[in-house]
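Chains A and B, in that order, are what the protein sequence lines are. Going by the working numbering, the residue at position 101 of the first sequence is 101; the numbering climbs one at a time, nothing skipped. Going by the working numbering, the residue at position 413 of the second sequence is 413; the numbering climbs one at a time, nothing skipped.
None of these hints come from the bench; they were simulated from the model. Be careful, since some hints might not be right.
What the hints assert, rightly or not - In silico lysine-lysine, DSBU-like type, Cα no more than 35 Å apart, as pairs:
1. Lys354/B x Lys122/B
2. Lys535/B x Lys82/A
3. Lys316/B x Lys163/A
Keep in mind that this is a model prediction, so the values were computed, not measured.
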Amino acid sequence: MAEVNLVINGEQVRAQEGMSILEAAREADIFIPTLCHHAEIDAYGACRLCVVELRQGDRSRVVASCLYPVAEGLVVETESEKIKNYRRTILNLLLQRWDNIPRALLDRYGAAPNPRYVENMTFCILCGLCVRYCRDVKGANVLGFIGRGTIRQVVVFPDQAMKYCPTCGNGEMECLHYCPTGVITSDYQGTGPANGQPLPHAYPVCIRDETNILEILERVGHLEY
Amino acid sequence: MARLASVADLEKLRQEIVAARDPGKTKIAICSGTGCRAYASEEVIAAFRAELDQRSLADKVEIVTTGCHGFCEQGPVLVIYPEEICYLKVKPEDVAEIIDQTLVGGQVIERLLYVGPDGEQKVKESEIPFYHHQQRLVFGSNRFIDPCNIDDYLALDGYRALAKCLTEMTPEEVLAEVDRANLRGRGGGGFPAGRKWAATRNAPGDIKYVIVNADEGDPGAYMDRSLLEGNPHSVLEGLVIGAYAIGAHLGYIYVRQEYPLAVDNLGRALEQMREYGLLGKDILGSGFDFEIEVHRGAGAFVSGESSALMSSIEGKVGEPRPKYIRTSISGVHGRPSNLNNVETWANVPLIINKGADWFTAIGTEGSKGTKIFSLVGKVNNTGLVEVPMGVSLRDIIFKIGGGIRGGKKFKAVQTGGPSGGVIPEEMLDLPVDFDALTQAGSMMGSGGMIVMDEDTCMVDVAKYFLEFLAEESCGKCVPCREGITQMLHLLRLICNGEGQPGDLELLEEIATMTKDCSLCALGQSAPNPVLSSLKYFRREYELHIEEKCCPAHVCKALVTYHIDPNKCRGCGACRRNCPVGAISGEKKQPHVIDLDKCTKCDTCFMVCPPKFSAVTKLSGSEQLPAAAPAGEQEQ
Ligand SMILES: Cc1cc2nc3c(=O)[nH]c(=O)nc-3n(C[C@H](O)[C@H](O)[C@H](O)COP(=O)(O)O)c2cc1C
Ligand code: SF4
Ligand code: FES
Ligand code: FES
Numbered sequence: 001m002a003e004v005n006l007v008i009n010g011e012q013v014r015a016q017e018g019m020s021i022l023e024a025a026r027e028a029d030i031f032i033p034t035l036c037h038h039a040e041i042d043a044y045g046a047c048r049l050c051v052v053e054l055r056q057g058d059r060s061r062v063v064a065s066c067l068y069p070v071a072e073g074l075v076v077e078t079e080s081e082k083i084k085n086y087r088r089t090i091l092n093l094l095l096q097r098w099d100n101i102p103r104a105l106l107d108r109y110g111a112a113p114n115p116r117y118v119e120n121m122t123f124c125i126l127c128g129l130c131v132r133y134c135r136d137v138k139g140a141n142v143l144g145f146i147g148r149g150t151i152r153q154v155v156v157f158p159d160q161a162m163k164y165c166p167t168c169g170n171g172e173m174e175c176l177h178y179c180p181t182g183v184i185t186s187d188y189q190g191t192g193p194a195n196g197q198p199l200p201h202a203y204p205v206c207i208r209d210e211t212n213i214l215e216i217l218e219r220v221g222h223l224e225y
Numbered sequence: 001m002a003r004l005a006s007v008a009d010l011e012k013l014r015q016e017i018v019a020a021r022d023p024g025k026t027k028i029a030i031c032s033g034t035g036c037r038a039y040a041s042e043e044v045i046a047a048f049r050a051e052l053d054q055r056s057l058a059d060k061v062e063i064v065t066t067g068c069h070g071f072c073e074q075g076p077v078l079v080i081y082p083e084e085i086c087y088l089k090v091k092p093e094d095v096a097e098i099i100d101q102t103l104v105g106g107q108v109i110e111r112l113l114y115v116g117p118d119g120e121q122k123v124k125e126s127e128i129p130f131y132h133h134q135q136r137l138v139f140g141s142n143r144f145i146d147p148c149n150i151d152d153y154l155a156l157d158g159y160r161a162l163a164k165c166l167t168e169m170t171p172e173e174v175l176a177e178v179d180r181a182n183l184r185g186r187g188g189g190g191f192p193a194g195r196k197w198a199a200t201r202n203a204p205g206d207i208k209y210v211i212v213n214a215d216e217g218d219p220g221a222y223m224d225r226s227l228l229e230g231n232p233h234s235v236l237e238g239l240v241i242g243a244y245a246i247g248a249h250l251g252y253i254y255v256r257q258e259y260p261l262a263v264d265n266l267g268r269a270l271e272q273m274r275e276y277g278l279l280g281k282d283i284l285g286s287g288f289d290f291e292i293e294v295h296r297g298a299g300a301f302v303s304g305e306s307s308a309l310m311s312s313i314e315g316k317v318g319e320p321r322p323k324y325i326r327t328s329i330s331g332v333h334g335r336p337s338n339l340n341n342v343e344t345w346a347n348v349p350l351i352i353n354k355g356a357d358w359f360t361a362i363g364t365e366g367s368k369g370t371k372i373f374s375l376v377g378k379v380n381n382t383g384l385v386e387v388p389m390g391v392s393l394r395d396i397i398f399k400i401g402g403g404i405r406g407g408k409k410f411k412a413v414q415t416g417g418p419s420g421g422v423i424p425e426e427m428l429d430l431p432v433d434f435d436a437l438t439q440a441g442s443m444m445g446s447g448g449m450i451v452m453d454e455d456t457c458m459v460d461v462a463k464y465f466l467e468f469l470a471e472e473s474c475g476k477c478v479p480c481r482e483g484i485t486q487m488l489h490l491l492r493l494i495c496n497g498e499g500q501p502g503d504l505e506l507l508e509e510i511a512t513m514t515k516d517c518s519l520c521a522l523g524q525s526a527p528n529p530v531l532s533s534l535k536y537f538r539r540e541y542e543l544h545i546e547e548k549c550c551p552a553h554v555c556k557a558l559v560t561y562h563i564d565p566n567k568c569r570g571c572g573a574c575r576r577n578c579p580v581g582a583i584s585g586e587k588k589q590p591h592v593i594d595l596d597k598c599t600k601c602d603t604c605f606m607v608c609p610p611k612f613s614a615v616t617k618l619s620g621s622e623q624l625p626a627a628a629p630a631g632e633q634e635q
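All chains, please: the whole structure from these sequences, using the hints.
Structure representation (structure tokens):
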């Protein structure tokens with residue numbers, strides 16, 4: 001793989017061709033926050049917290065760093081005023097779904113719940129990490145999305161769950177460890193198909209368990225401070 | 001039908017078709033498009049066939065069932081040639097009279113003619129202002145062609161451009177011609193087709209695809225449907241030419257499920273192409289092979305977005321893919337894929353036949369050729385209109401559209417579909433092209449044009465479009481999903497009289513972020529309705545927030561109904577019709593509305609006889625004087 005040189009926040013950074021800006025930045029210890037990214041899973045581009053500014057002369061362009069491939073001569077700003085403002089707005093919006101976003105992340109961008117917004121505290125930010133892990137890494141397709149637009153949600157398909165969940169991660173259910181908000185609990189192991197309870201075809205995943213939040217947060221993205 | 005083995009065969013067939021036709025023969029072109037069918041044009045056609053048979057005139061008069069002529073609102077539409085007499089709103093009962101009076105008697109039936117807002121009648125189609133000011137290069141053939149009969153298309157020089165490409169031009173030359181014509185995409189972005197074709201052609205890989213985007217999800221837009229229904233071969237010819245230039249051997253047509261007639265006509269057109277050897281192996285003996293598959297879309301608005309459309313063709317969920325790699329490099333099945341809109345493809349045969357120089361002579365510096373718009377809303381004439389790029393909005397709305405309905409005042413025009421923007425009266429002289437519309441904060445989009453009059457509330461309009469987008473966003477990325485949710489929430493608060501200082505700034509904050517950070521063009525353009533109305537009608541927003549006033553009297557929560565005691569004659573119409581019994585009053589005495597009971601259903605406003613017009617709607621500070629008469633009555 002060829003090596004490319006780019007500039008991130010004024011710093012010369014070397015990266016392998018094929019890497020994303022995010023990967024290059026993290027290798028160089030440059031912070032970019034993410035909520036839908038995980039090194040083991042293909043990038044997805046949904047949370048948009050990882051946006052950065054690409055400078056081209058006196059023009060600039062906002063791109064998602066988890067997806068944008070590095071290229072020779074790219075000039076990247078990860079914390080420009082514009083980007084910080086955008087991240088604050090994104091976090092403010094997400095706070096309406098998940099109010100346990102790590103303090104340090106909120107403080108860094110001055111984010112806070114906005115009383116003018118309508119609340120929709122589902123605790124699920126639809127990052128798709130669980131769905132993607134189950135589908136792309138495990139090949140199990142137990143989890144999926146239903147609904148479009150503002151009513152989109154994550155559901156579990158009980159038929160699939162009965163087939164795969166009991167043995168996944170030795171009964172631990174691996175996806176639990178990928179949820180950045182700690183929404184998914186092993187609830188449906190107890191009350192769901194595992195003990196023979198009938199469930200609708202698509203059963204919403206929306207049970208939160210605050211005890212595992214912190215542990216999971218540390219596993220996902222650069223959220224440790 | 002015999003397979004055509006060469007261009008010479010095609011030209012011979014064309015001559016035979018033309019020779020067998022008598023240009024002097026009376027021909028009635030009756031629209032059988034979706035719009036006219038809704039007004040029972042099928043029955044009119046059946047009545048003509050029956051009457052002509054009965055009078056043994058069937059071989060003297062030819063009936064051509066065509067696609068949409070554009071003036072659907074006046075359907076069923078028919079034109080009698082060679083005189084070009086145009087009859088509108090024709091009913092089956094009119095048929096015998098048309099045959100007696102016009103076909104046999106040579107008399108025009110005035111009742112069926114176009115009558116302008118000024119009362120003036122027009123006999124010929126081309127004299128009707130709605131048609132007169134158009135330049136129907138792409139759409140014009142619709143009125144001469146039976147879409148189910150490929151011979152009609154061939155008679156009008158159909159597939160001559162393809163023949164020319166296959167025998168006289170190399171793929172590179174075809175590409176260069178389209179590039180030189182500066183044909184820009186008619187489906188939304190206005191990206192130069194030549195550049196996209198070149199990128200696909202030059203992309204590595206042997207297998208490449210060409211695709212027609214016929215998803216047309218904008219509510220109220222139907223130009224692509226009308227082209228596919230009315231002149232499918234023009235689109236197909238363009239597609240084969242593109243495939244030849246790009247080096248593709250398979251094409252897809254992604255057409256929405258809700259367009260059954262388009263799918264039917266398309267299917268028949270493909271069959272006929274195959275029979276003639278215009279599709280399949282060794283087209284016209286050139287050695288070029290090409291096949292087309294029709295793919296029916298499930299109908300989500302976002303499936304029209306290029307990467308979502310390609311996922312859908314692959315059988316996956318039609319959700320946008322993050323694409324910093326262009327689909328011309330990696331599209332369907334990861335192969336180079338060239339997607340163009342229906343209308344873009346339909347322009348290609350014209351460019352090849354008449355040349356890039358002819359094409360670039362039409363339009364503006366940056367936007368060449370014509371564009372079909374779907375003109376709807378509060379104008380006198382609604383329908384599909386094709387005009388050269390650069391025509392002013394004023395000409396489209398006032399000359400072709402015949403001005404605002406009911407003598408009301410123009411307020412704004414919304415262009416570009418649900419995520420387009422509004423353009424105010426001051427900018428009516430704007431020449432319509434891709435760049436001017438974008439600069440004005442709106443966009444060309446696929447050519448939607450909704451005209452609004454003084455009774456329209458711009459906050460309500462922004463809310464309406466965001467409601468659509470909230471349902472149609474795929475919900476994948478945060479800026480679009482959550483941004484639209486909260487912008488819509490704020491707009492609802494404002495319309496409800498619950499707006500607060502700072503709300504507009506908050507709207508702008510979300511809008512700017514959503515525009516810049518969303519994953520696909522749906523989210524990136526979703527803030528347009530909000531940003532453009534804030535730009536041109538900010539005062540109207542402020543009035544809603546500061547004075548709880550909706551100047552257009554649309555936002556129910558901000559409006560109260562009153563009866564002017566000086567105008568009310570006590571006819572009782574409102575009292576009898578009010579569904580909640582909120583109106584009281586003696587006969588011949590001024591009536592009064594009990595505001596506590598009033599549900600603002602608008603009934604009294606509608607039923608009060610125009611000669612009295614005693615019911616008024618008041619909003620904001622207008623409501624203060626209204627309090628006085630109520631007090632007086634108590635005294
Ligand atoms: C949400 C969304 C919906 C779209 N719908 C359509 C559509 O219905 N028809 C269409 O031709 N283009 C549509 N587009 C634009 C396509 O993504 C693409 O740009 C276009 O088909 C390319 O063809 P053109 O260059 O000939 O315009 C849509 C784009 C977005 C973001
Ligand atoms: S911008 Fe909207 S439609 Fe496009 S990917 Fe994001 S959520 Fe889906
Ligand atoms: S969009 Fe890049 S990490 Fe979520
Ligand atoms: S459908 Fe008949 S004029 Fe449009």
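**Hint check, failures only** = none
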